[in-house]
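Participant: Residue numbers (our numbering), protein chains in the order written: chain A, 14 to 328; chain B, 20 to 573; chain C, 23 to 209.
Source of the hints: derived by calculation from the structure; they are not laboratory data. Quantities reported herein were computed from a predicted structural model and do not represent experimental measurements. In this text, a Cβ means the ideal position worked out from N, Cα and C, and glycines have one as well. Errors might be hidden in some of the hints.
What the hints assert, rightly or not - Taking lysine-lysine and the DSS-like style, the derived pairs with C-alpha atoms no more than 25 Å apart in a straight line are: (1) K213/B x K99/C; (2) K79/A x K547/B; (3) K547/B x K569/B; (4) K241/A x K289/A.
To be verified - Pair ranges (Cβ atoms, derived): (5) T162/C x G149/B: 31 to 39 Å; (6) F151/C x L513/B: 29 to 37 Å; (7) S67/C x V93/A: 40 to 48 Å; (8) N80/A x L513/B: 31 to 39 Å; (9) K149/A x N85/B: 47 to 55 Å; (10) D309/A x A189/C: 57 to 65 Å.
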Amino acid sequence: MHISTLFLFQSVLHSASTQASEINKLFGQFTIAAVLLLLFVSLLIVYICIRFRDRPGSPLPEQIGKNNRLELLMFIFPVVTIAVLLVATLRTINRVMKPAEGQPDMIVTGHQWWWEVYYPATGVTAANEFHLPIHKNLLIEFHSADVVHDWWVPEFGNKMDVVPGRNNYIWLNITQPGNFIGACSEFCGAEHAWMRIKVFAEDETTFNRWQEANKKTANLPSDELSMKGMLMFQSRSCGTCHRISGTPSTASVGPDLSHLFSRSTMLSGMMPMNEKNLQAWISDPQNVKPDAKMPDFIFSRDTVNAIVHYLTQLK
Amino acid sequence: MDEIMPSSFAGATPVRVLNRDQKLLQWISSVDHKQIGTMYLLLSILFLVIGGGEALLMRTQLAIPNNHFLSPEAYNQIFTMHGTTMVFLVAMPAIFGFGNYMVPLMIGANDMAFPRLNAFSFWMTLFGGGLLYFSFLAGGAPDAGWFNYAPLNEYNYSSRPGVDYFAIGLLIAGIGSVGGAINFIVTILYYRAKGMKLNQVPLFVWMIFVDSFLILAAFPCLNAALAMIEMDRQFHAHFFNSASGGSALLWQHLFWLFGHPEVYVAMLPSFGIFSEVFQTFSRKPIFSYAIIASSSVAIALLSFGVWVHHMFAVGLGNTVNGFFGAASMLIAIPTGIKVFSWMATMYGGSIRFSIPMMFAIAFLIQFTFGGLTGVLFAIVPIDWQLTDTYFVVAHFHYMFVGGAVFGLFAGLFYWFPKITGKMLDQKLGTWFFWLFTIGFNTTFLIQHVLGLIGMPRRVWTYPDLPGYGVMNFISTLGAFMMGTAALILIVAILKSLRSGVVAGKDPWDGVTLEWYCDPQPGRKNFDKIPLVRSRRPFWDLKHPENPDWKNARS
Amino acid sequence: MNKMMIKMLVFTEVFFFLSLIMAYVYMVYYGDTRSAGEIKSLHISTTGFFTFILLSSSFTFYIAEKNYLKGNVKQLKIWLVITMILGAIFLFGQGNEYYHLIREQITLGASVFGTNFFTLTGFHGFHVFVGLVLLSILLTMSLLGDFNSNQSTVIQTVGIYWHFVDAVWIVVFTVVYVMPRFMDMKT
Ligand code: HEA
Ligand code: HEA
Ligand code: CUA
Ligand SMILES: [Cu+2]
């Protein structure tokens with residue numbers, strides 16, 4: 014079974030944050046107005062088409078091309094509608110996007126095609142999967158390591174572009190615990206489709222527990238095979254791109270792997286995290302996720318097994 | 020008391036009967052506005068088949084989740100080329116085609132003001148398009164999307180030459196468009212038949228006039244941006260690379276400063292076509308000509324003040340976003356007035372449901388719907404939710420296809436008899452209409468829902484989330500209905516050319532001057548021309564008892 | 023008609039230069055902090071002199087045009103030549119400025135300032151060059167006797183273009199050379 018079928022039906026209209034509720038209130042009001050307007054126009058057109066259709070012998074219609082009163086009405090009606098909409102819009106903009114203040118709770122960096130996550134308060138670094146506490150005003154900041162990306166979780170309301178050279182931010186106050194999925198929503202190159210987002214919205218204690226677990230340095234290899242795997246990892250250039258805390262590898266070209274196996278998905282939501290998928294990935298990355306920024310290595314089966322075994326211990 | 024006079028003052032082109040048997044060479048070297056118009060239209064149809072074929076490939080790939088029919092590289096090239104083709108090589112040539120063919124006929128002129136500039140514009144468009152497509156053979160087509168955002172379009176992220184072909188191809192085609200626009204403006208200003216005031220030209224001509232100014236103001240912004248990206252890519256300049264002090268957002272500003280006006284460039288001529296169609300098939304003068312004409316000027320001006328609505332999510336701050344949101348909503352006012360005016364034109368008329376009219380009626384509803392989703396985006400917070408999802412794809416296909424392309428189809432059926440002398444097959448045409456309209460709504464209505472349930476646009480494949488598979492499949496079915504419809508249209512055109520009903524001079528009981536001249540005019544359009552005294556000169560000629568210039572209410 | 027055509031061409035070119043100038047302002051005034059230093063390398067007084075030269079070429083063209091309308095073809099030829107010389111001097115001045123900047127390592131690829139400066143002034147220089155080509159065509163035509171009657175609009179048409187190119191330079195000069203002197207730029 015594919016991992017994503019585990020989730021329930023999602024939709025932007027299901028608000029899971031105060032920001033989303035604000036937006037959806039406006040959305041609802043506009044939808045009602047728009048449906049009424051569309052019905053009015055369509056029904057009137059249908060009526061006109063039936064009433065004024067050309068019948069055999071119908072006389073030449075009166076040649077009228079002007080009516081000042083009607084023209085005025087045609088003008089005033091949209092003006093009034095627009096005025097109302099505008100006021101509502103400006104109010105909601107300011108409620109959803111308040112000025113940023115204080116230290117961000119989470120810094121998200123977009124890379125082609127994965128997410129780097131950093132919690133300044135605790136120094137915890139993670140990748141691709143986001144853990145956030147509920148019922149707190151969270152300030153989230155966005156950086157880009159390369160091109161423009163966009164961070165979007167439909168149930169949370171507003172998305173935000175991740176633009177190189179700019180530090181954008183959003184405020185987020187999650188109102189419901191649960192798992193939410195989103196996706197990078199700005200085209201960012203070949204694998205834009207597989208730059209998905211998964212958020213675990215947790216109560217304070219669960220969130221803190223997760224932070225504690227991820228603050229710890231990565232597990233050391235516990236058996237011979239994983240020992241070999243670690244050696245391979247360090248000697249075969251993996252460390253030039255990845256970080257595993259407590260080891261010499263500190264790069265952030267690729268995702269942080271310190272607690273890799275505690276994640277539920279890999280490659281930005283492309284597939285479930287398990288040994289088989291890791292094996293496929295390490296053996297031939299370009300076959301699993303074509304164009305991903307991790308090169309093909311020519312490894313023997315044993316080497317792959319050892320590395321994978323080591324990685325599965327990084328919980 | 021209608022004065023018919025020789026038309027010799029209009030146009031300096033030599034009087035020579037066009038020999039229809041001359042071969043290819045004659046077309047290639049032609050400077051006749053009707054031949055150039057026809058070539059533009061053929062070019063547009065050719066690229067419609069190509070761009071539509073690309074759409075079908077995309078929809079095939081997206082029909083089921085986790086599909087591997089296309090690779091990510093292939094998909095990205097195809098959607099980029101689809102958007103670019105449809106906008107620059109289908110919509111623009113179609114507009115120039117109808118404009119070239121019809122504007123001189125409608126204003127009683129014998130040719131465009133600068134026939135050689137006209138030919139030059141056409142060949143530039145063709146050449147630009149050819150260069151764009153040559154990229155497929157030269158190491159990969161452009162694959163950064165039709166708006167080609169920086170820094171993805173920079174050398175370090177797109178090292179293949181696709182983006183270079185994009186830039187140079189569009190620059191060349193853009194020069195063609197600017198040349199064509201200048202030509203239209205001068206023609207409309209100086210070549211009108213005697214007596215025809217600027218506020219008496221048919222609305223299609225008026226729309227082309229406004230459109231031309233839009234082109235003149237919008238294209239240079241794109242050209243500047245394209246020049247800059249080539250500077251970056253070829254000469255290591257730093258316009259858009261933030262790492263060395265450039266600005267990624269500068270590209271977005273420049274592109275949308277062009278891009279938003281461009282969507283109205285695609286739309287206005289269709290507004291013009293529909294205005295002609297509504298008045299002809301309702302047998303009434305167009306309701307509030309003056310307002311339809313002047314509201315287009317309003318749209319044109321406003322369209323330069325709304326570009327940021329494509330950038331609401333880049334983090335420009337509430338004041339900027341609020342301002343541009345307000346400006347975008349304002350466009351609903353002049354556009355709404357048009358929609359209501361067309362309805363008022365139908366009201367009290369005697370409506371004939373010929374195929375152009377059916378397209379016009381379907382357009383009214385579809386366009387209102389697409390316009391409302393547009394206003395929805397202008398509400399900034401809602402755009403934050405929906406930008407870059409399939410909801411946007413749905414919006415702009417309702418505008419582009421349900422609006423602009425429906426207008427071009429209406430124009431095709433309306434003017435086919437004028438261009439070819441034959442009627443476009445009624446029965447096949449009806450099939451085409453229904454199949455295309457149903458297919459279109461099947462494809463794109465459901466994409467609104469896809470956007471709402473979280474599907475981003477420009478993804479080469481998607482996970483099997485609830486609802487995704489089914490809805491995408493339905494969308495694909497609709498696309499293939501449109502494809503079938505398009506095949507029927509091509510059959511209909513070929514059949515009508517060979518054995519269609521001969522149309523005669525005035526098959527629709529038209530009221531404007533193009534129906535007054537010969538069915539297929541020769542090198543010279545008019546030998547004689549009535550003195551124009553109203554917006555419907557041909558009506559006046561047909562109804563001497565009740566001409567417009569005596570009727571205060573039209 | 024020809025005049026209307028060239029006016030429309032000017033109209034569209036205005037937007038092209040506006041885009042480039044906007045980019046310049048956006049990036050040099052408010053962007054990279056190094057720009058302020060690099061702007062100091064510009065030679066405002068020599069370029070000011072060449073600006074004056076370009077402006078006077080607009081004036082000499084005006085005289086040429088006036089003479090043409092009066093039917094004074096000989097004077098027309100003379101003033102055309104003078105105009106061309108002035109235009110050429112301006113281009114020489116621009117080349118001189120480029121030479122000095124490049125010697126100071128300020129190039130198209132070196133920095134944001136270089137990128138914007140060379141692109142903006144380069145496109146303008148290209149327009150001056152096109153103008154010179156047009157002027158030389160006019161000169162040839164007048165030597166061949168095409169302007170012996172004063173009915174043609176060609177001269178006025180080219181004139182509109184030439185005056186436009188000069189006007190653009192005034193704006194460019196103001197934005198690139200003059201304004202930064204009065205601005206409190208980030209350093
Ligand atoms: C022909 C093309 C066309 C047309 C006519 C329009 C018309 C409009 N568009 Fe659309 N638009 C596009 C083509 C078009 N658009 C394209 C191609 C894109 C995406 C590009 C890309 O990203 O690739 C886009 C994207 C787009 C966005 C950005 C979305 C995003 O990426 O996040 C926005 C935001 O404001 C927008 C708004 C509007 C508005 C307000 C109108 C208005 O002009 C609509 C006005 C019409 C009506 C409102 C209906 C009739 C009116 C009435 C019946 C009167 C009563 C109505 C009221 C009082 C509301 N459009
Ligand atoms: C005028 C403009 C225009 C028109 C007419 C169309 C027409 C169509 N478009 Fe297009 N579209 C765009 C402009 C347009 N589009 C733009 C600007 C984009 C954005 C690109 C980007 O993001 O960069 C886009 C993107 C776009 C996407 C989103 C891609 C993505 O985000 O990943 C989709 C997906 O369904 C789509 C589908 C279609 C379909 C099914 C049609 C149909 O209406 C087409 C119907 C026509 C035919 C089907 C032709 C018939 C062909 C034949 C009879 C020959 C058959 C040949 C072969 C099979 C080889 N379009
Ligand atoms: Cu990252 Cu799309
Ligand atoms: Cu727009």
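Participant: Now, for every hint given, state plainly whether the structure supports it.
Facilitator: Checked hints:
With a C-alpha separation of about 39 Å, the suggested pair K213/B and K99/C falls outside the 25 Å cut-off, and the hint is violated. In summary, the hint linking K79/A to K547/B is not supported, as the alpha carbons are separated by about 31 Å, beyond the 25 Å threshold. For the hint linking K547/B to K569/B, the alpha-carbon distance of about 23 Å falls within 25 Å, and the restraint holds. For the hint linking K241/A to K289/A, the alpha-carbon distance of about 19 Å falls within 25 Å, and the restraint holds.
At about 35 Å, the beta-carbon gap between T162/C and G149/B stays in the expected band of 31 to 39 Å. Remark: the range hint 29 to 37 Å for F151/C to L513/B is contradicted by a beta-carbon distance near 50 Å. Distance hint check: the CB atoms of S67/C and V93/A are about 60 Å apart, inconsistent with the given range 40 to 48 Å. A C-beta distance of roughly 45 Å is found between N80/A and L513/B, which places it outside the suggested range of 31 to 39 Å.
The given range of 47 to 55 Å is broken by K149/A and N85/B, whose C-beta atoms sit roughly 36 Å from each other. Distance hint for D309/A and A189/C: a CB-CB separation of about 59 Å, consistent with the stated range 57 to 65 Å.
Hint compliance for this structure: hints 1, 2, 6, 7, 8, 9 are not met, and every other hint is.
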